[in-house]
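> Okay, here's what each chain looks like letter by letter:
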Amino acid sequence: MSFSIGASGTGIGPRRVMEGFGERVDGKAFDWRVVTRLLAYLRPHWQRMAAAFLLMLIASALTLVAPYLIKVAIDQSIAEGDTAGLARIALGLAAVFIGAYLTTAGQQYLLSWVGQRVLATLRTRLFRHLQALPLSYHDTHIVGVTISRVINDVAVINELLSEGLITLVGDVLVLAGVISVMLSMSLRLALLTFCVFPVVLLATYLFARRAQVAFRHTRARIAAVVGDLAEDISGMRVIQAFAQEDVTHERFDEVNQANRDAYIKAMSLSFVFLPSIEFLGMLATGIVLWFGGLAVARGELTLGVMVAFLAYVSRFFQPIQELSQLYTTMQAAMAGGERVLDLLDTRPEIADRPAAVEMPTIAGLVELRHVSFSYRGDTRVLHDVNLVIEPGQTVALVGPTGAGKTSIANLVARFYDVTEGAVLIDGLDVRQVTQHSLRRQMGLVPQEPFLFSGAIADNIRFGRPRAAARAMEEAARLANAHAFITALPDGYATEILEGGVNLSVGQRQLICIARAVLADPRILILDEATSSVDTVTEVLIQDALQRLLAGRTAMVIAHRLSTVRHADLICVVDGGRIVERGRHEELLARGGLYHALYERQFVDLVTT
Amino acid sequence: MSVEVVLSSHKRDAGRILLRCLSYLGPYWRLTAGAYLALLGGNALALAIPQFIRWIVDRGIGGQDVRLLGLSVLGLLGLTLLKGGLTFVQGQWTEVASQSVAYDLRNAIHRKLSDLSFSYHDRTETGQILSRAVQDVDRVRFVTGRAFLRLIDATILLLGTAAMMAQMNLPLALLALAAMPLLSYRAFQLGRVLRPLSLEIQQQLAVLTTRLEQNLRGARVVKAFAQEENEIARFDRENARWFDLSARSARLSAVNVPLLELIASASVVLIIWYGGLLVTQGRLTLGELVAFSTYLAQLVQPVRRLGMIIPALSIAAAAGERVFEILDAVSEVQETADAAPLPPVRGHVRFEHVSFAYFGRHRVLTDVTFEAVPGQVIALLGATGSGKSTIINLIPRFYDPTAGRITIDGYDIHRVTLNSLRDQIANVLQETTLFAASVRENIAFGRPDASEEEIIAAARAAQAHSFICEMPNGYDTRVGERGLTLSGGQRQRIAIARALLKDPRILILDDATSSVDTETEQLIQTALQRLMRGRTSFVIAQRLSTLRKADLIIILENGRIAARGTHAELLLTSGLYAEIYHYQLRPQGQTP
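These protein sequence lines map, in sequence, to chains A and B. In terms of our numbering, the first sequence opens at residue 24 and continues consecutively. In terms of our numbering, the second sequence opens at residue 29 and continues consecutively.
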C-alpha cells in the first residue's frame, strides 16, 4: 500500500502538555489500536459499507474507462473516419457517465448515512459513559473541554471513518488501476514516469512528519478556546461586577490568537506540499512529452497512446493529492479519536460490582465503620469516623467550614467510595449494591441549589418524572414553594433559565426541597438546605420538614444551630473527626465545642 | 427546553449575510487582494499550460523538432514552478486572512458578551454561545477563505476555459457550454433547499450541546436522584433528531452534487462525438480536439468544486446568521452617548420611585424610594423572592430599572460610564464564582496589579489566609473548575477577599456569609465591620447581629418597602419585624 508513509513518522513531536487543559499534543501519527477500535463502530453497518465499497469500485472503474474510450475514439474512429463507430463510442461514453453518476450518488449517500449514524452512536455512547462516571471525574474536568470531545472530536473521527476510509481504499485502487493500465500501454514510458514516484514519497514523508505535530496542536488549541470561553461565560457576572472585561478579554485574545496561529502554521505546510506534488505531476507529464514525443517522432508510439498517457498521468497524481489531504484529516481524526477513546476508557472509580445486588427497600439503618476518606489521594478529610443512625432518626452534622460534613453525606450517597472502612445501610455495604437501587431511595438537597433549565414542574418532577400534578403541587406546598410559584406569571410552567438565574437562591432551595420531597426517599440528606431562605420561611419549612422526616432516616447539615436542636443526634465534626455527639441539651451541658459554637451564636443574637 | 433562536429567520437574505461575512475581510484587503491576484496569475497559467501542451504536440512532436520539444518541456516545468509559487501565496494569504476573520469574530463575540447585560446572559444558554463561537465561526471562516476563493477560482476557470474554447472553435465551444445554464440553475436550487436544513441541523447541534452542558453541570443532582437513564433517553431523543436532519441533508447532497458533474460530463460526450466528426471532415486538427478535451477535463474540475462549495455556502449563511445574532444583540444596559466617568464618590445612594420587572412582565420591585447617606450600613430584609437581590443588582447597573432612577452623589447612574461606576462598587454575590486559576489570581481578579502584600492582607481580613496556607501550593493552588475542591465557606471567603482587595466606596454583600460556620462568620463580621467603616454598604443578611448594627433596615414585602427604620424603631413599629425577631430568638428562650 502506497500509504504506509504515515506509519513511519511515529510520535516525533515534542511532548508537551498544555497547561491548564491537560490536552495532549503528542501521540502516534497512525495508531492501529485507535483505528481498529474505531472501525468496530462500522461493523453494524457492514452491509451498507460493502455496498458503498462496491459502488465505489464501479465508479472508479468507470472513471478509468472514460479516457480509454476517448483514446479509442481518437485513434480508431476519428483517425479512420468511422463516424458510426464514433457515435457508438459517444453513446458508450454517455452510458459510462450516467453509470458513474448513479454509483457516486449511491455511494455518497450510503457513506454519509453510515457516517452520521456512527457519529450519533458515538455521542450516545459517550453520554452514557459520562453518566456512569463518578463525581470525582466531574470535579476534575472542565465542562467545556468535555463538550469539545463529545461534539467536535467525534465529528472529525466521522470524517475519517466514513469518507476517509473509502477515499483511502478508492484512491489506492485507482492508483493501482492507473499503474497497471500505464504499464500495459507502454512499459518503457510507464517506468520512466514512475521515476518521479520516490521523490513523491520523500516529499510526503517530510510533509507528514511536520503535519502530524502541527495538526495535533490545532486540536489542542481549539479545545483551549472552548474551555476559556465556557469559563468566561459562566463567570460573566463576576467579570462585569469587577469591571474586568478588558483583562479577561486579553486572556481570551491570547488563546484565540494561539489557535489562529496554530491553524495557519498547519495549513501553510499543505500549501507548500500540494504545489510540490503538482510540480512533480507536471514533471511526469514532461517526461511523457519528452520521451513519448521522441517515440512518436520515431514512430514507436501512436499519438493516441501518448494522449491517453497524459490523461493517465494526471489521474495518477489526483489520488496522491487526495491521499495527502486525507492525511491531514487522519491526523485530526487520530488526535480526536485518542481523546474520545480516552474518555470512553476512563474507568468509573465507582462502578457496580459484577455481583452487586439490588438494594431492598431501605429500613434506614445507616452505619459508618472506621471510615477514612480523601479526595483524589490528597490530604485526608475524614479520619476513622464511626457513626450509627437508627432507622427513622434525624442526625445533624455541625461544625466549622471544611470540617468534613459534606464529605460524610457524599459517602452515604456513595458519590465517592471510602478510602478505608465501610458505609453500611441496613447492614449492607453500599459497595455491594447497585448504585441505581441505592440512590433511588435517597433524596438530596445540595448545598448549591442546582436546577436544570426547563419548566419548574419538570424540575420538581426530576426524581419522579411520572408523578401526577397533584403530588407535585403537594410537594411544593410542603416545601413552601407553592405560593411563590403560583405568583409567577406562568406558574408551574415557568421556564427556569440556565443556572436558575430568574429565581432567588432561596427560591431555588425551596424547589430543591420540593424535588427531594416528591422523590419520597427512604434516606434524606439536607446539606445546608435552607441557608439562603429567610428566617420566617425557614421556620415554616422546618415544621414541614419535621413532618416529612417522620419515619425516614435523615442527615441534616446546618450552620444555624436553631435548625438542628430537635435532631435525635447531633454530631460535631471538626478536622475530619466526630469530636462530640449527643442530644442538644447533653452537648450544651458538656461545655465543649458545641457549647462554644452555640454560645457564639447566642451571643451573636442577644448582645451588641 | 427553551430555544432562543427563532428559526423563522431563514427567510432572511442569504446573499446579504454572506456579504457581511466577507466584509470582515476588510482589514485584510491587501492579503486578500494579493491572494486573488495570485489566483488570477495561477489561472492564467492553468489556461496557458494545455495550450502549451497542444503546441508541443502539434509542433514538437508533429514537426519532429527535437530541440523545440526539449526546450518546451523545460518551459512547461518552469511554468508549473511559477504556478506552484502562486498557489502557495494564494493559499497562505487566504488562510491568514480567513483565520484572522475567525479570530476577529471570536474576539468580537467575547467582547460582545462582556458588553451584554445580565438579562441577556440570564436567558441565553452557554451551550448555544459555545456552539456559535466555535462551529459557526469556523464555517464563516471557511467561506471567507478557501470556499470563496474556490468559488471565484472556479468561476474564472469556467469563464477562461469557455473563452479559450470559443476562440479556438466557436460552434464547438457553444456546444460544450450548452449545459452551463442548467448547471447554474441546479446549483442555485440546491443552495436554496440546503440552507434552511443546515440552519436546523446547526440549531439541533446547539440543543445537543446545551443538553450535555446542563447534564455535566448537574451531575450531582442527576446521580442523587438516580436519573441517569432518563437523561440518556432525553439526550438520545435530541441526538436522533439531529441524525434524521443530517441524513436528510446527506440524501439531498448525494443526489444533487454528482448530478452537477453529470450535467458537465454531457458536454464531453458531445465534444468527442461532434468534434470527432469535425476532425474526420478535416475542419479541426487532432491537436485541437485533444486540447479541447483537455479543456473539458478542466471544466469538470470547477463544476465539482462548485458542487462542494454550494452546500458549504448554504451552511455558512446559516452559521453567519447565528453568529451575527450574538453580535447584533443589543444590551439592555447601555451607556448613553454623553456618558461621563463617575468621579470618585462619597457614597450617597438614592433610589427614587424605582420599579423593576423581569423581562418586562415579571414584576419584582414597585416604587422603591430610599436614601443611603455616605458611610451608612443599609440592611435589606424580606422573604425569599421579595426583591432584595434585585435592589442590589440595580446599583451597579447589572439591570436597569423599568421606572424611576438611582443616583449616587447626585449623579444619575444612567448617565455615567459603566466602568467608572462598577469600579467603585464591590460585590460579594450570592453565588461565588471562582475561575479556574490560582487562588492568587482569583483574589486579585478585580485588581490584577495588586501586590503580594495587598493580596495576603485581603485574604487575612477575609479570614482566608490560614486555610489558603494549608492548601498544597498555598496561593498558587488552582481552584475552580478542575481545581481543588473547596467548601462553600472557603469559596465565599475567597470571594470576600476579592471584594476587599478592590477597596470600594460602595460595598454590596448578598447573603455573603450564609454558608460559613458561626465561628468563621464572626471573624469575617469583625473584618467586615472594619471594612464597612467610611463606606456605604448594602447587606442582605438573615442575622440579627447585622441588623442591629445597620443604620437603616429596609423590610421588603412583594417588591415594596413594607417598613423601614433602625432595629430599635422597627421593634416598636413593625409587626413583621417583631415576628421575624421573635422567630429568630425563639430558640434562645429555652436555653439554660
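Hints listed in this document are in silico derivations from the structure and should not be mistaken for laboratory results. Misleading hints may appear alongside valid ones.
Some, not all, of what chain A presents toward chain B, calculated at C-beta under 7 Å [unchecked claim]: (1) Met72; (2) Phe76; (3) Phe120; (4) Tyr132; (5) Ser159; (6) His161; (7) Ile287; (8) Trp313; (9) Gly316; (10) Arg462; (11) Leu520.
Among chain A residues calculated to face chain B with C-beta under 7 Å, some are [to be verified]: (12) Ile170; (13) Pro221; (14) Leu225; (15) Tyr228; (16) Leu252; (17) Arg274; (18) Phe275; (19) Asn279; (20) Phe485.
Here the structure is a predicted model, which is why all the values come from computation and not from measurement. Yeah, the Cβ is synthetic: ideal placement off N, Cα and C, and Gly gets one too.
> Compare the structure with each hint and give your call.
So, going through the hints one by one against the coordinates:
1. Taking 7 Å as the C-beta cut-off, the interface hint given for A:Met72 is violated, the closest approach to chain B being about 15 Å.
2. Against a cut-off of 7 Å between C-beta atoms, the interface hint on A:Phe76 is violated, since the closest Cβ of chain B lies about 16 Å away.
3. The beta carbon of A:Phe120 is positioned within 7 Å of a beta carbon in chain B (closest approach about 4 Å), and the interface hint is therefore held.
4. Interface hint status for A:Tyr132: upheld, as the beta-carbon distance to the closest one in chain B is roughly 4 Å, under 7 Å.
5. Annotation: interface hint on A:Ser159 violated; nearest CB of chain B at approximately 9 Å, more than 7 Å.
6. Evaluation of the A:His161 hint against chain B yields a held restraint, the C-beta minimum of about 4 Å falling below 7 Å.
7. Given hint, A:Ile287 at the interface with chain B, holds; its Cβ is 5 Å from that chain's nearest Cβ, closer than 7 Å.
8. Given hint, A:Trp313 at the interface with chain B, holds; its Cβ is 5 Å from that chain's nearest Cβ, closer than 7 Å.
9. Restraint check, A:Gly316 versus chain B: the minimum CB separation of about 4 Å is within 7 Å; hint holds.
10. Proximity of A:Arg462 to chain B holds as hinted, the smallest CB-CB distance being about 4 Å (cut-off 7 Å).
11. About 5 Å separates the beta-carbon of A:Leu520 from the nearest beta-carbon of chain B, less than 7 Å, and the hint is met.
12. Taken as an interface hint, A:Ile170 checks out: its beta carbon lies about 6 Å from the nearest beta carbon of chain B, inside 7 Å.
13. At its closest, the beta carbon of A:Pro221 sits 18 Å from a beta carbon of chain B; the interface hint therefore is violated under the 7 Å criterion.
14. Taken as an interface hint, A:Leu225 does not check out: its beta carbon lies about 17 Å from the nearest beta carbon of chain B, beyond 7 Å.
15. Proximity of A:Tyr228 to chain B is violated relative to the hint, the smallest CB-CB distance being about 19 Å (cut-off 7 Å).
16. Annotation: A:Leu252 was flagged as interfacial toward chain B, and the flag holds, the nearest CB pair being 6 Å apart, inside 7 Å.
17. The closest approach between the C-beta of A:Arg274 and any C-beta of chain B is roughly 9 Å, which is over the 7 Å cut-off, so the hint fails.
18. Below 7 Å, beta-carbon pairs count as interface contacts, and A:Phe275 has one with chain B at about 5 Å; its hint therefore holds.
19. The restraint placing A:Asn279 at the interface with chain B holds, with a minimum CB-CB distance near 5 Å, inside the 7 Å limit.
20. At its closest, the beta carbon of A:Phe485 sits 6 Å from a beta carbon of chain B; the interface hint therefore holds under the 7 Å criterion.
Hint violations for this structure: numbers 1, 2, 5, 13, 14, 15, 17, all remaining hints satisfied.
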